[in-house]
Structure formats: structure tokens, C-alpha cells
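In order, the protein sequence lines correspond to chains A and B.
The first sequence lines up with residues 10 to 871 when you count with the working numbering.
The second sequence lines up with residues 22 to 183 when you count with the working numbering.
Hints may contain errors.
What the hints assert, rightly or not - The following residues of chain A were derived to be distant from chain B, with all beta-carbon distances above 10 Å: (1) G18; (2) E28; (3) K29; (4) K35; (5) Y36; (6) D38; (7) K157; (8) R286; (9) D466; (10) A512; (11) L523; (12) L745; (13) V758; (14) L815.
To be verified - Distance windows between CB atoms, simulated: (15) A55(B) x E144(A): 48 to 54 Å; (16) E139(B) x T693(A): 25 to 31 Å; (17) E28(B) x I517(A): 40 to 46 Å; (18) K35(A) x D65(B): 53 to 59 Å; (19) E91(B) x E757(A): 50 to 56 Å; (20) D13(A) x S106(B): 43 to 49 Å.
No wet-lab data here; the hints were simulated from the structure.
Backbone N, C-alpha and C define an ideal beta-carbon position, used for all residues, glycine too.
So the chains spell out like this:
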Amino acid sequence: MSGDFSIIGKPTAMIDAAEKTTGAGKYTDDLSVPGMLVGKILHSPYPHARIKRIDTSRAERLDGVVAVVVGKDAPNPYGILPVGHDEHALALDKVRYVGDNVACVVAVSEAIAEKALELVDVEYEVLPACFDPEESMKSETDLIHDNKPHNLEKDYHHVFGDPDKGFADADHVAEARFIANEVTHAAMEPHSTLASFELDPHTGKLGRLTVWSSTQVPYYLQHKLSLVLEMPMSQIRVIKPLVGGGFGGKSEVIPLEIIAAVAARKAKAPVKITYTREEVFWAHRGRPRTIIDLKTGIKNDGRITAVKARVVQDGGAYCSYGVVTILYSGALLGALYDIPNIQYDGYRVLTNKPACGAMRGHGTVNVRFAFESQLDELAAKIGMDPAEIRQRNLLQPPCITVNGLRVQSYGLPECIEKTVERSGWKQRKGKLPKGRGLGIACSHYVSGAANSIIRSDMPHSTVNIKIDRDGGVVVYTGASEIGQGSDTMTAQVAAEVLGCSLARVRVIAADTDLTPIDIGSYSSRVTFMAGNATLRAAEEVKKSIAAAAAKKMGCSRDDLVFRDDLVSKKGMQFTGTPETAAGEGARSTQPGASVSGRVEGQILRGSLQQKRKEEGPKEWMTFEEAVVTAIDFHGALTGTGSYAPPQEARGGKHKGGGVGPSPAYSYSAQVAEVTVDEETGEVTVHKVWAAHDCGRALNPVSVEGQIIGSVWMGMGQALTEEMVWKDGMLMNPGLLEYRSPSSIESPEVEPIIVESIDPEGPFGAKECSEGSLAATIPAIANAIYDAVGVRLHESPFTPERVLAALRAKKNAKALNLTEGVDPTAPERFREHGGSLWFKGKGPERHALDPARRESPEAGGPD
Amino acid sequence: MKKELIELRVNGRAHELAIEPSALLLDVLRLDLALTGSKRACDDSSCGACTVLVDGVAMFSCTLLAASCEGQEITTIEGVSEHGSLAAIQKAYGDWGGAQCGYCTPGFIMTVKSLLAENPDPSESDVRSALSSNLCRCTGYSQMYEAIKSAIEAEREGMAAK
């Protein structure tokens, strides 16, 4: 298949790989500008409080402090969603979570800034706080935001088809409550922003602003900065340097990005703010703790008749992407299987904790865990193979689902087939020794949202290309490389279309002054949308080159083939390699390669070149010759391409129907093999077979890397990762305590690429970076069931939870793990970094815990 | 705090520096010497992004006093490239997808350098155990194993060719 292409489909090192492996590449915190000051943020120690007074005078007097910024320095509200402008650079009157932003000190060094933070006097009036979403929904007074009654950010109630009839028709119905606890991105690079103003030559005052920031969405940042600073967008330049991972955590405007700009304005000097790891946890925007009450009905033949889901998300103190998250949770019940009747009730609730937002697999992951677990349970009920029940409920694309999602390419059947085959499912399922098991689950995800969060008919991506006499191809794209391979994909697509080598292509990306708009790296949209825009821009330039070359070669434009740095007539047979056949003029594919004794680039003035130019019609031209011919012919060689999702893919007309539709969906099927230690409750994942339908794999190394990375992150959420709260305080704000899996705990993942070739994707490509995550959690849950016969309804599946389930099963006593579990009840809370529940005050310590030995009265006997 | 004058040898070059006795090696490398390849990611030596070699031993520079490294040979990621070209491990990390966002990569490469110096032919479990001092949130580690394997082979072939 990849034989038809010269660039795409081949494993390709990322074009920025050397920058990363040599340490030469610059991330935001690696940057400095002359006169740069350091900003440090004062955070709220209370989960909910009114600010009665802030006195910054003592801090300002400290030697080395340049400015102290407070809320009234930039009072305009902002938020990533137009419906959710509920944040301020710094708190105006109220703080809403432990870690909320109160003031910012700008000083000549970090040490002085930190000292000054202690000198800022803030008087708070502490207010009652809500930490549990179901409690929060009952609130009448002391609301988190005055305009949100019952602390309800948003609720949606969708009915598609006739769910009541569907359940009446069902032969079996399963109903259960699932809980997925809160997780966060924990990208390795802490957020960092550097803001610098220029002096305006005409007014003599602060003029244009340049912001370097670790962001997935430079253009949204530019927009929000313009709202808060009351500056025209044209006066704000946002540059995205290398970004050390995002996973959604940098897909909206994070407080420090606004604060740095406000601080730079007040300090009249460049200011850099970099979060500590603890601040990154407070900035959060991760996946909310989600309570899912799920009901599924099936016929005896395995066909799903109806699904009903009530979803409550603990959204934290601000809207963030919340409205979108709660809509995704319902909308993506569709488009994986054929479900005729769906009822969805979604509640996004505000609580006094850091705001949740978008995280890899946005909105779909937790509901998918519940759904795939329940489907497994139903399969067991009717004695059907769990792989088969999934095959019984496939869609018949092209189709439009009951909730208005258009599905075209659909590689799910092949994904299931391939994982079943590779994992030896049929031979091994049910035949493994006790304690060892296999589980299967599926998932899907959008290849970009069909509707932008800011409603408009503007293209979602635009790409410009210019080619100059040097034969170098420069691609200008607003798409944001965050480690996923965006820049490499862009270069590959341009090189493939133009038939030139990858080394010719230079990508200039994500700089709002230089690059045309692209709405950012989120919802897995870049390959599909920016890829399509690149393809169109390259096609446009190619057309210009072809017109000139065809004239020169005395043939029709359609008879030309662009490939391997050559433009030749179709059907022309080179003997041997094209290079040898084409002679010395065409040898160069690497910059600096010698061409007829001259360094490439000089060829344009070379005598050989001139001779060939005078020769008249010919069978082939080098890429450079063709480019020069085209520039002679047209004057300049530029092309522009843009992409907007087609109207047909933009979804139904119901309220909230704009979220969920995508021009294409990726599909995943996974089998996980686990062992469960029945003594300790410890789950070990040995291997995951993950088949992912990415349309066409433009760069197989990257696609496999994304699949493995998604599965691995899903495994983290399934087994260890969890944000643990006590009275609104995060108990584990560190990379070790958060328990991100290390190489020791990480299983082998076998990625299996399935290529369904999407009719609208660039070369048929779709998303590959998020869709696989959601299947891993239920695949592991189902494997645990296969191993030891217990169903886990709450993630992560820590030894405590597994053990409790095992014990409950042994005593034949029904134990609902989530019953009575309330992280906010004062008599119960969780151990630091773990998931044990305790009664009474303070965590009980293990007998050998050093904390206990130091203070013998702490804790008690088991 | 009063500054002290120290001499630090980094990547084969000596630097005379006036630093506070409490200055951490990572800060001195990044701020005083502008060697920003070593990264800060966790603040509490749990992630390994700041790993450097001190006399050949992999150390977390975020919890090491710069002054304590006087007289020792410090190697950072900037000192890994050989004679103006990528070292085998750097090339392999690029080719095999061992680096995605790249933020943890310098730390991992330093850890691998130290592992291979000690044990030129590590088993997979040796590699896993060595890499467990560093965290990555992108790759799930798998493609790093491939990269390390291929770098070892490349080194071996390179030696044979010589």
C-alpha cells in the first residue's frame, strides 16, 4: 500500500528529533530575554473564601521586588468557552479552590519573589465549600458562582429513539453505578510563559506584546489575552516554542499565561512565570471524577436495544471545557456501536476544587469504561463471547447514528478481528490458570471536532507554502507541535504532494505573526484538518509548477509525475534508480549534495542548468529546475490551503448537538492480559494488544508511539493514577505520589495499525493519539473479571479496591464499593497518595510508618 | 547569602562561577551556564528529567548542590553529541520514536549512557530497571527499549568497522 507513496507510510524520525535528543531545542522555560524578571503567584489556602482585603505594600517594599499584581489590575473575565467566561487573571473578590490565584509578585529573582509572597497580606472570610458533586448540586446558598444555581454549570437531557420501548424489548437489562476517579495530564513540562512588551515608536508607550508559552492553542491564547488586556489581537504575538507534552492540559488558557502578560505590563519589563509541579496539579484541567449510572438492554442474540446513562461530573471551580466534556460523554455513546435508543442525562457540577477540563479522550473515557464493562457483564449473562457481542453490534457505514453523527470509514470490525487473532483470544480465553485473565474492549474518538468552540464559518486550519529559487519548500502552519508529530506530519504531506525530499521542507509553525490561523492541537484534529490544509496548499503550488513544467516539457499538466525530487512525464521508465537515469543533474536529494560539481543552490546559475534550459522540451526536470521554470513563468510560487469540516458532518440540530460530530472517527479494539494476586489484590498487566484504525498511517513510528502512549496512559488511570482529596486539598501533588507508572510497571503493548482509508482524510488519514486510551481501562477491568470473577465499578483498580471486591465475593455478601463512599464526609478520608478509606481523624499509619514512630499517639491499631 | 567562587568542570570545560552555596546544580547549569538541556519537571527528584553524569554516575541535578561538584567531571546532554554528530543513542531515540515531546529525553539519555557504561550488554530487565529512575508521560517506554537495543547494535557495528 505504501508503495504508492514515496514519503508517507514510511517510518520517519520526527523532523525535530535531534533538537530533542541533544537538548538544543528550547522549551518556554529555557528562554530568556534581557531584563527578564521572574513572576511568582500567591495561591489561596482556602477552598472557598471571600477576599476582604489585600495589602501588598510590605511585599512591594522588599528590595528586588518590581511589582505586585492583583485582580483589579486586569478585571476582565475570560474562559476558554464563550459560554464560560468565569475566570479572572487573579481573584477579584473570591477564591474558589485551594490554589486559586490571588496575587503575583514580580522580582529580580525567584528567591526574592518567593520571600515577597510571604509579605502579601490577605484577609479572607472563609465560606462553606462543596467537594462532592452530588452534595454540591443540592446547594442553595454560598454558591461557587452567583449565576449558577445549585452549583450546576450545565445539564443536558437527550433522548434519541425510544429508550423506554428499547428496554421493554430487551431480554436482559443490566444496571449499575460506575465511578472513575479524577486524573490529570501531568505532562513532563510544567507550564511556563514569558511575556514581553515592546515600546511603540509612535506613542512612546508600551506597544506590542509578545508571549512565548507552553500551549496547545496559541490562537486561543492570543484571543483571550486580547480580551483581558483590552488590546487588539493584531498587537499580540503568541509564539509556541517546543512543548513538553500537553494531553489537553495546555489546550486552554491557563492562569499563568494571562498573569505573566498582566505582570509584564505592570512591571514594564519582560516577565517569565514557570509553575512548580504542585502548581501544575492545581492548574489541572484534567479528567473529572465521574459518576455514571448506566443501564443497558440487550436481546438474547446480543443486540443492544437501549442505553440510558446519567452522568455527573465533578467539574471543579470553573467552567473550563466543562460544557463540552459533559456533551462528549453523551454524544460518544454513539458512533462506536449501533445503538437504536439512547437516553442521556448529563450534569456538569461546580465544586471547590481545581477546574477540570479536556484530557486525552476528552469526555469519552469514563463513560466508555462503564459501558464496555457492562457490555461484558451482559455477554456473560447470555453466555456469549465478549468479542462476539461487540461484533453483533457493529454499525453499517456509511451511516448517520441515531444522535446525528456521520460515520464513514469504520475499521472497528478489522480492529476486533486483529486483536482477537494476535492475542490468541479464541484459543486462550477461559483456559488460563486462575488468577490470570484476558479482557476485551473497544473505543473510538473524533478526528477533530466538526464545530469550532467559537462558532464561525472560518476554516479550522489554514496553511501557506512558499517555494523560492533555492528549491526549499517552506510550510507555514498554525498547527501546534506538542510532541505528537504535528510538524513532521506537515512536512511529510507537503513533500509527498510535491514529490520532493523531506529534507527540502522547512516547517514554520505556531507563531501568530508568521503563520495562518489554526485552532490548535486538541480533539485529535491536526492530522485530519491541518493535514488536509497542507495537502491543499501543496496541491495549489504543485499546480503552478506543473503548468510551467508542462509548457517546458511540451506535454499536458496531467501527464506529469512529481516524485523523488523529479518532475517527469507519466510512464517514463527510468532504468535503475531515477537518479542514475536522470543523470548528474538530478542526483541531489540532500541539502548540500553536489550537483555537477557545484553545491546545490548554485545549480540555478550553473552552466549545466543554463544548457538544460536552452535544450528545449525534455522528458524530465529536477524539482529545482521545475521550480525555477515556474518562478520564471508565474513570478512567485506560493500556495494556500484551508480546511473546514463539511456541513454534512456537523451533526444534529438538537441543543448541544454541536459537540460530538467529527468528519471522521478513529476506532480501537484491545485485549489486555492481566494477573491478579488474590492475596494482595495487586493487578499486573502483562500485555495489551491494541488495534487502532487511524485511516492511513502517515508515519507508522509516530502512529505506534501514539497508540502505545494512549494505552499506557489508560493503564495508569486503570491501575494507579488518582488525585486524592481531603477537604479540597490535593493530597498527592507530586509525580511520585500521583503514581505515574514507571518502566517497571509498564507492560508490553503491541500496537496493530488498521488502515480504513477515510474518504476525506489527508491520504485517508484519521486520528491516532486519543482513541486508544478509553478501551484500555475496561479491557483491564474485563480481564480482572476473567481472572478472578470480580467486577470493579470504581477506577483506579488499586489493590485495596480489588481486595475488597474479592473479599465481598468470598463472603457471598454483596458489597457495593462505592456505597457510602464520600470523599467529603469529615469522618472518612483517604490516605495520602493511596486509596484506603479511614474512619476517624487522621490517617492510620502502618506500624512501621516513620510518621507513627515519631509520634506514638498518631494512628491506632488495626 | 554570600556568593562563593567555584570552578565547575562541565562537558570537558572549566567554568569559574560565583554562586550561592545553596545553589542547585540544575539551576547553575540552566541559569549560569545556559545549558538548558537538563530539565526541571518535578522539584523533588521523582522524575529524572534533570539527570546528568557526575564522574560518570547518573545523578539528579535538581537535588545536588553545585558547590559539592567542584573537582568532579559533569556531563550534561549537551556533552553527549560526538564530534559534531549525533551519538548512536541520540540517533536511535529519534529513529525509533523514543522521544515524543522530548522533555524527558535528555534525562533518559543520560541514564542510558550511565547504564551502558556500566553494563554494555544489558538484558531487557536491566534496561527497565535502569529507566525506572526517570518518568515519561508520552511514550509508555516501549519505543525507548527499541531505541536502546538499536543503539547498542550500532555501537557494536561501529566498533567492528573500526
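Requested in this report: Would you list, in rising numerical order, the hints stated earlier that this structure does not obey?
Outcome: 2, 3, 4, 5, 6, 8, 12, 13, 18, 19, 20
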